[in-house]
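Colleague: Sequence:
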Amino acid sequence: MTSETPQLDVVTGAFSYSGSAITRRLRAAGHRLRTLTGHPERAPAGTDIDVRPLDFADPAGLAESLRGVHTLYNTYWVRFARGRIDHQAAVANSRALFTAAKEAGVCRVVHVSITNPSLNSPYPYFRGKAAVEQSLDASGLSHAIVRPAILFGGDGVLVNNIAWLLRRLPVFAIGGSGDYKVRGIHVDDLAELCVNLGASSERVIVDAVGPERPTFREMVDAVRTAVGSRSLVVSVPGPMILGLSRLLGVALRDTLLTADEYQAMTDGLADSSAPAVGRVVFTDWVAEHGSDLGRRYANELDRHFRSGKQPA
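The sequence shown begins at 1 in the working numbering and counts up by one.
It cannot be assumed that every hint is accurate.
[Claimed, not checked] Subject to a maximum C-alpha distance of 20 Å in a straight line, what follows is the list of computed SDA-like cross-link-like pairs (lysine to any residue):
no.	residue 1	residue 2
1	K181	E218
2	K181	G268
3	K181	P214
4	K181	T225
5	K102	E202
6	K181	Y262
7	K102	D55
8	K102	F80
9	K181	A138
10	K181	Y123
11	K181	S135
12	K102	P214
13	K102	D58
14	K181	K102
15	K102	A43
[What the hints assert, rightly or not] Label-pair restraints from in silico Cβ distances:
no.	residue 1	residue 2	range
16	S118	V78	16 to 26 Å
17	L244	E4	18 to 28 Å
18	G228	S118	33 to 43 Å
In case anyone wonders, no lab produced these hints; they're calculated from the structure. All C-beta atoms in this analysis are idealised placements derived from N, C-alpha and C, irrespective of residue type, glycine included.
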């Protein structure tokens, strides 16, 4: 790479939620961009991003797609098991990606993980994330690991769908007291952090969290106020919230909340006491964007596994 040639970086899932935010930041910095994606056919027409398949069954192809790359920004993961892909398979796939990056001579990896991963976690999601971090560390690649809890901003699913439900339901149920904390970060703040770490050579693990640390109940109340909802927010036992989520999921043809997600949140795994690295305050952002939130339902299964109309 000459001084006149812009740096080439790869983002896994450059058209996805966090991946697209990282991509925008890299484009603004003048970098050349390539993506590895499991859905290359969904790339926008006319995109200037070099689109390659994220095919874990083709290690030689993966390595070739990573050759000449300075930084790999890895957002690949699975939220929940579906079909043949579960968290154990996602760990193996991630290991294959890091092996290919090593073979290709990638200079740097910035990996998006999760707050509070642990190999001893009772939750497969958090065990898997810890195993991926372990594999990256063992690879010998120069790397940084960023650990967000939840993301908000842009076309994110969680806050939008809370708003959608609050706009339409006379009663909004939360599990237990709702006093478990949720330390979110704006997706653009996450992207800025990732790109800054991509330009570094330091091995570092950072909890990617914003300046505010609301409880889940406070988060829901902030969204309710912002959208002008009259929905009554009530506390119900955990098993009931999971049953209600399953019923709504059937109606919406989506997975709203898994048992592991709910239990991990109530265990405090979406929280962190680390210093803030994001600048956007959640309640300020919600108040500013309340008129737009929840106008349409964001169907995660449609986004990742199928195409089709989403509920209005």
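Colleague: All the hints need checking, so say for each whether the structure fits it.
Modeller: Taking the hints in turn, this is what the structure says about them:
A distance of roughly 9 Å separates the Cα atoms of K181 and E218; the hinted pair therefore holds under the 20 Å criterion. Pair hint K181 plus G268 holds up; C-alpha atoms about 6 Å apart against a cutoff of 20 Å. Restraint check: the Cα-Cα separation between K181 and P214 comes to about 6 Å, which is no more than 20 Å; the hinted pair holds. Pair hint K181 plus T225 holds up; C-alpha atoms about 19 Å apart against a cutoff of 20 Å.
Restraint check: the Cα-Cα separation between K102 and E202 comes to about 17 Å, which is no more than 20 Å; the hinted pair holds. Among the hinted pairs, K181 with Y262 is consistent with the structure: their alpha-carbon atoms are about 12 Å apart, no more than 20 Å. Distance hint between K102 and D55 is fulfilled; the C-alpha atoms sit about 16 Å from each other, no more than 20 Å. A C-alpha spacing of about 28 Å is found between K102 and F80, which places the hinted pair above 20 Å, so the restraint is violated.
Only pairs whose Cα atoms come within 20 Å are accepted, and K181 paired with A138 is rejected, the gap being roughly 32 Å. In summary, the hint linking K181 to Y123 is supported, as the alpha carbons are separated by about 18 Å, within the 20 Å threshold. With a C-alpha separation of about 29 Å, the suggested pairing of K181 with S135 is violated against the 20 Å cut-off. A C-alpha spacing of about 40 Å is found between K102 and P214, which places the hinted pair above 20 Å, so the restraint is violated.
Restraint check for K102 and D58: satisfied, since their Cα atoms lie roughly 15 Å apart, inside the 20 Å limit. Between K181 and K102 the CA atoms are separated by roughly 38 Å; this puts the pair beyond 20 Å, and the hint is violated. Only pairs whose Cα atoms come within 20 Å are accepted, and K102 paired with A43 is rejected, the gap being roughly 27 Å. S118 and V78 have their C-beta atoms about 18 Å apart, which keeps the hinted 16 to 26 Å range intact.
Under the hint 18 to 28 Å, the C-beta atoms of L244 and E4, about 58 Å apart, miss the expected range. Here the CB-CB span from G228 to S118 is close to 40 Å, well matched to the stated 33 to 43 Å.
This entry does not satisfy hints 8, 9, 11, 12, 14, 15 and 17, going by the numbered hints stated previously.
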